[in-house]
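In the working numbering, the protein residues as written are 14 to 281.
The set of hints was computed from the structure by calculation and includes no laboratory data.
Wrong hints could be hidden among the right ones.
As the list claims (entries may be wrong) - Listed next, with one range per pair, are the computed distances between beta-carbon atoms: (1) N253 <-> K201: 25 to 33 Å; (2) E223 <-> N253: 19 to 27 Å; (3) L67 <-> T243: 45 to 53 Å; (4) L67 <-> Q281: 20 to 28 Å; (5) H277 <-> I81: 27 to 35 Å; (6) K249 <-> I187: 28 to 36 Å; (7) P132 <-> L34: 32 to 40 Å; (8) L67 <-> I177: 55 to 63 Å; (9) S54 <-> Q281: 29 to 37 Å; (10) N274 <-> S55: 18 to 26 Å; (11) H277 <-> A119: 45 to 53 Å; (12) P78 <-> I177: 39 to 47 Å.
All of these numbers come straight from a predicted model, not from anything done at the bench.
All C-beta atoms in this analysis are idealised placements derived from N, C-alpha and C, irrespective of residue type, glycine included.
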Amino acid sequence: MGQLFIISNTFKNPKIGKIPLFVIIVVFVFVLAVLQDYIYSSIQQTGFYLSESLLYNTFWVFFIPLTIIINQLISIINPKNKLGKLPFNLGIGITFSFLHILLFTALFVSVSNLAFTPPHRFSNIFNAAFSNQFYIALLWYVIFPAIYVSKSKSEKLVSHYDNIIKLKIGTKIITVPTSSIELISTDKPYSIVYTNDQKILDNKSLKEFETELDSTIFLRVHRSTIINATYIKELKSRSNGDYDATLENGQVIRLSRHYRNNWHQLLQ
14 MGQLFIISNT
24 FKNPKIGKIP
34 LFVIIVVFVF
44 VLAVLQDYIY
54 SSIQQTGFYL
64 SESLLYNTFW
74 VFFIPLTIII
84 NQLISIINPK
94 NKLGKLPFNL
104 GIGITFSFLH
114 ILLFTALFVS
124 VSNLAFTPPH
134 RFSNIFNAAF
144 SNQFYIALLW
154 YVIFPAIYVS
164 KSKSEKLVSH
174 YDNIIKLKIG
184 TKIITVPTSS
194 IELISTDKPY
204 SIVYTNDQKI
214 LDNKSLKEFE
224 TELDSTIFLR
234 VHRSTIINAT
244 YIKELKSRSN
254 GDYDATLENG
264 QVIRLSRHYR
274 NNWHQLLQ
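Whenever a hint applies, use it, and build me the whole structure from the sequences.
Here is the structure:
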């Protein structure tokens with residue numbers, strides 16, 4: 014008996030709880046900035062006050078909510094014209110950089126009035142932040158929208174697949190829901206498409222089917238086989254790197270180790 018794996022909803026439930034990369038970056042820089050203040054104070058033999066360092070470095074924290082707002086704004090307003098993207102990104106960058114410094118200064122002065130004597134003046138903090146950190150905010154808010162738009166486009170391209178596929182039977186062309194396809198295998202010069210209730214011969218190659226079907230669901234597991242991962246009932250190791258996949262209809266399909274990159278996620 015080999016090792017047995019049960020597949021349950023692997024491809025039906027999206028993962029949740031992932032922390033956005035920009036949040037991790039902001040937290041890391043915030044901690045690093047506080048540490049840098051401590052090191053500088055130790056070297057210069059000046060007093061280090063954790064409360065002041067934390068308050069001043071809240072500048073970095075504002076990147077989180079403002080970046081989320083930019084995400085929403087870009088999803089609503091995103092010029093398709095390339096000539097319109099540059100002024101749009103630049104306008105976003107300048108506007109949010111000023112807003113960032115204003116919000117940071119307002120928070121700093123408000124806390125200062127409550128905790129420090131004498132309190133800091135609004136103009137002094139604003140001028141210091143504007144002269145020292147405006148370029149940081151501008152770079153972030155100009156570059157980030159371009160990255161976000163690019164990533165959104167690539168995700169849309171990857172995730173856009175039709176819910177139906179056209180197959181040719183003799184002189185007729187029929188449409189088949191992709192969700193009903195359990196398995197596609199080769200029987201040269203044809204491919205055999207196994208659905209819930211029939212077998213269909215088609216003259217497309219497996220390579221062509223790979224380009225038409227969602228590769229996160231329809232996995233090329235062998236040089237002669239593509240399977241729909243949602244129909245896998247269990248996996249059984251052959252102890253040589255290959256596996257046998259049992260489908261819900263009882264068919265047993267060999268998963269070749271040579272195509273392991275396509276189906277290794279089934280083992281996780």
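Against the structure, the hints:
no.	hint	result
1	N253 <-> K201: 25 to 33 Å	holds (27 Å)
2	E223 <-> N253: 19 to 27 Å	holds (25 Å)
3	L67 <-> T243: 45 to 53 Å	holds (49 Å)
4	L67 <-> Q281: 20 to 28 Å	violated (40 Å)
5	H277 <-> I81: 27 to 35 Å	holds (34 Å)
6	K249 <-> I187: 28 to 36 Å	holds (35 Å)
7	P132 <-> L34: 32 to 40 Å	holds (37 Å)
8	L67 <-> I177: 55 to 63 Å	holds (56 Å)
9	S54 <-> Q281: 29 to 37 Å	violated (47 Å)
10	N274 <-> S55: 18 to 26 Å	violated (50 Å)
11	H277 <-> A119: 45 to 53 Å	holds (51 Å)
12	P78 <-> I177: 39 to 47 Å	holds (42 Å)
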